[in-house]
Amino acid sequence: MGQIELQKVTKSFGETQVIPPLDLVIGEGEFVVFVGPSGCGKSTLLRLIAGLEDISSGTIKIDGKDATDLGPAKRGLAMVFQSYALYPHMSVRKNIAFPLKMAGMEKAAIDAKVEGAAKVLNLGDYLERRPGQLSGGQRQRVAIGRAIVREPAAFLFDEPLSNLDAALRVNMRLEITELHQTLKTTMIYVTHDQVEAMTMADKIVVLHAGRIEQVGSPLELYRTPRNTFVAGFIGSPKMNLLTGAVAKARGVETIGIRPEHVAVSKDSGEWQGRVTVAEHLGSDTFLHVNSDHGGMTVRVGGQMNVGHGDTIWMTPDANHLHRFGADGVRIA
Amino acid sequence: MATQASRAAARLMISPAVVLLLLWMIVPLGMTIYFSFLRYNLLMPGTEAFAGFDNYKYFLTDPAFFTSIKNTLVLVLGVLIITVGGGIALALLLDQPLWGQGIVRVLVIAPFFVMPTVSALVWKNMFFNPVNGLFAYAAKAVGLQPFDFLSQAPMFSIIIIVAWQWLPFATLILLTAMQSLDSEQLEAAEMDGASWGNRFIYIMVPHLTRAVTVVILIQTIFLLSTFAEILVTTNGGPGTATTNLTYLVYMQSLLQFDVGGGSAGGIIAVILANIVAIFLMRMIGKNLET
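Top line first, the protein sequences correspond to chains A and B. So the first sequence is residues 1 to 332, counted in the working numbering. So the second sequence is residues 1 to 290, counted in the working numbering.
No wet-lab data here; the hints were simulated from the structure. Any given hint could turn out to be false.
Covered by chain A, according to a simulated footprint, are these stretches of chain B (three or more residues, beta-carbon under 8 angstroms) [as the list claims (entries may be wrong)]:
1) 184-194
2) 198-208
Cut-off 20 angstroms, straight-line C-alpha distance, at most; resulting in silico cross-link-like pairs (EDC-like, lysine to aspartate or glutamate) [unchecked claim]:
3) A:K94 to B:D95
4) A:K101 to B:E187
5) A:K74 to B:D148
6) A:K238 to A:D284
7) A:K74 to A:E151
8) A:K94 to B:E48
9) A:K266 to A:D284
10) A:K74 to B:E187
11) A:K203 to A:D23
12) A:K119 to A:E159
For glycine and all other residues, C-beta sits at the position ideal for the given N, C-alpha and C.
Please take these sequences and the hints and turn them into a complete structure.
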């Protein structure tokens with residue numbers, strides 16, 4: 001259960017086409033993350049899969065069956081919304097029980113399922129409270145609870161962590177990943193945060209202006225980004241993309257080197273630059289450098305003593321140098 | 001408003017308004033109470049004398065009194081049912097994206113701008129009139145006997161007129177409430193397998209309860225004192241079929257020139273209105289908390 005296939009799916013709002021023809025296969029039990037900058041169509045794509053928006057053309061298959069014209073309830077998918085979309089006038093118990101009640105399930109069976117979900121999500125003590133009396137993380141768990149009791153073919157998450165503070169976000173990230181390992185259900189997760197994408201996904205789909213730029217495992221995208229967009233989007237801090245003479249010297253239009261693949265020395269090296277800002281994280285220090293070839297970011301060990309105004313030398317690691325042609329596509 | 005001085009200044013500044021409002025309320029109330037204990041008839045000037053509770057006794061034992069209370073309640077309840085039900089239906093319709101939405105909304109609000117006497121006269125002469133009215137015309141067009149609304153079903157007719165005036169108010173309040181409903185909640189319910197009917201019952205209606213409460217409270221206050229619509233259409237008749245408490249007080253004091261009896265009726269009306277208000281707040285006021 002839980003295989004989703006999109007064939008030549010498009011979506012237009014009036015004259016503007018937000019999703020050009022798009023093909024994608026999401027395998028059973030996979031944790032797929034749609035990632036991209038805001039306005040890239042990732043949420044629209046999720047809503048198309050959910051059935052909350054009608055597709056303009058193409059086919060959506062769920063478990064091999066054509067689901068293009070099925071209503072959202074009939075597709076057997078559950079969604080967790082960005083605002084959680086809990087029903088404010090119902091207790092937590094009633095919120096979680098709502099989809100089961102709508103399915104016409106018996107009361108005893110509903111109670112058992114709600115208790116089960118509450119146990120998995122540590123919500124046992126809060127079942128009689130209203131959503132308004134819960135913290136952000138607890139509301140998030142209620143929304144997930146409402147999704148899991150239905151035992152859907154796949155879960156859809158629409159930026160579920162964006163309303164949480166940083167510490168809680170890391171916790172919930174772990175909880176969702178653990179949940180996926182327990183349930184082994186297909187999950188589709190939309191985010192604009194590439195750290196969430198890298199840490200959670202089995203498979204990342206990078207979207208840009210409605211188009212799929214690259215599909216692959218987190219490490220594939222990190223190691224062999226197919227074009228400059230993916231190269232710049234995946235990885236933190238961003239990959240340095242250098243153009244001009246330094247790239248021409250290597251026979252390409254653009255070269256890319258990640259901050260962690262540059263050796264830094266105070267005495268000698270290939271490129272010279274002056275440090276503008278040094279960000280000390282303790283274990284690492286990120287240096288923002290004004291070099292001969294433009295602004296760059298490099299990572300050095302936390303023990304290296306450099307600061308604003310220092311001149312440094314940088315040498316790229318040739319094994320980790322990425323080359324891109326004039327059209328931005330990777331040259332192997 | 002932090003320091004002692006600024007707080008004292010603030011009190012001083014608002015006191016004229018507060019004092020004026022207080023006098024505005026207290027003086028008429030005080031005079032009404034005073035008159036209600038006098039034998040005070042405009043036809044016999046100079047014979048005013050203290051009458052004790054006689055005025056109250058006469059007003060309460062008037063056979064029209066209980067009819068008027070019943071009529072008041074029927075009028076208020078009838079109008080409330082039509083405006084809340086119709087208001088929810090109209091709000092649902094107007095919440096849909098449709099062409100010319102702005103114009104339609106202005107048209108819906110329009111009845112609220114027509115003064116009660118005018119709208120009642122328009123209904124009386126243009127719609128309900130058994131000879132020239134539109135309803136009579138429609139009945140004759142299909143071969144039926146015209147129905148004389150104001151004499152055959154006087155209370156129903158007045159309820160229709162008043163409901164027509166208050167429907168826009170209910171619609172406006174409920175429409176804004178409907179628009180404040182988070183669309184993700186409806187989508188979540190749709191994903192959860194709720195049909196339109198279930199989404200209406202489980203998501204929209206609970207969301208609207210607070211707005212409905214506001215509509216009921218405000219309308220009840222105004223509907224208890226309906227007067228103009230009755231005066232220009234049925235004059236409280238036939239018999240006492242459309243005499244409500246307000247109209248009975250008017251008859252007592254201005255048609256029978258009995259100021260004392262009218263004042264006693266006014267005080268009774270104030271007491272009854274407060275009883276209704278307490279009941280309402282008990283029953284539905286808790287919807288307004290947080």
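Verification of the supplied hints:
Counting residues of the stretch 184-194 of chain B whose C-beta sits closer than 8 angstroms to any C-beta of chain A gives 10, which meets the bar of three, so the coverage hint holds. Counting residues of the stretch 198-208 of chain B whose C-beta lies closer than 8 angstroms to any C-beta of chain A gives 5; at least three are required, and the coverage claim holds. Between K94 (chain A) and D95 (chain B), the direct Cα distance comes to roughly 27 angstroms. Violation of the 20 angstroms bound is thereby established for this hinted pair. Only pairs whose Cα atoms come within 20 angstroms are accepted, and K101 (chain A) paired with E187 (chain B) is accepted, the gap being roughly 17 angstroms.
The straight-line distance between the Cα atoms of K74 (chain A) and D148 (chain B) is roughly 54 angstroms, outside the 20 angstroms bound, and the hint therefore fails. As the CA atoms of K238 (chain A) and D284 (chain A) are separated by approximately 15 angstroms, the hinted pair is consistent with the 20 angstroms bound. The hinted pair formed by K74 (chain A) and E151 (chain A) meets the criterion: a straight-line CA distance of about 13 angstroms does not exceed 20 angstroms. For the suggested pair K94 (chain A) and E48 (chain B), the alpha carbons sit about 68 angstroms apart, so the restraint of at most 20 angstroms is broken.
Distance hint between K266 (chain A) and D284 (chain A) is fulfilled; the C-alpha atoms sit about 17 angstroms from each other, no more than 20 angstroms. Restraint check for K74 (chain A) and E187 (chain B): satisfied, since their Cα atoms lie roughly 14 angstroms apart, inside the 20 angstroms limit. Between K203 (chain A) and D23 (chain A), the direct Cα distance comes to roughly 15 angstroms. Compliance with the 20 angstroms bound is thereby established for this hinted pair. Annotation: proposed proximity of K119 (chain A) to E159 (chain A) is violated, straight-line Cα distance about 24 angstroms (limit 20 angstroms).
The structure is inconsistent with the numbered hints 3, 5, 8, 12, although it conforms to all the rest.
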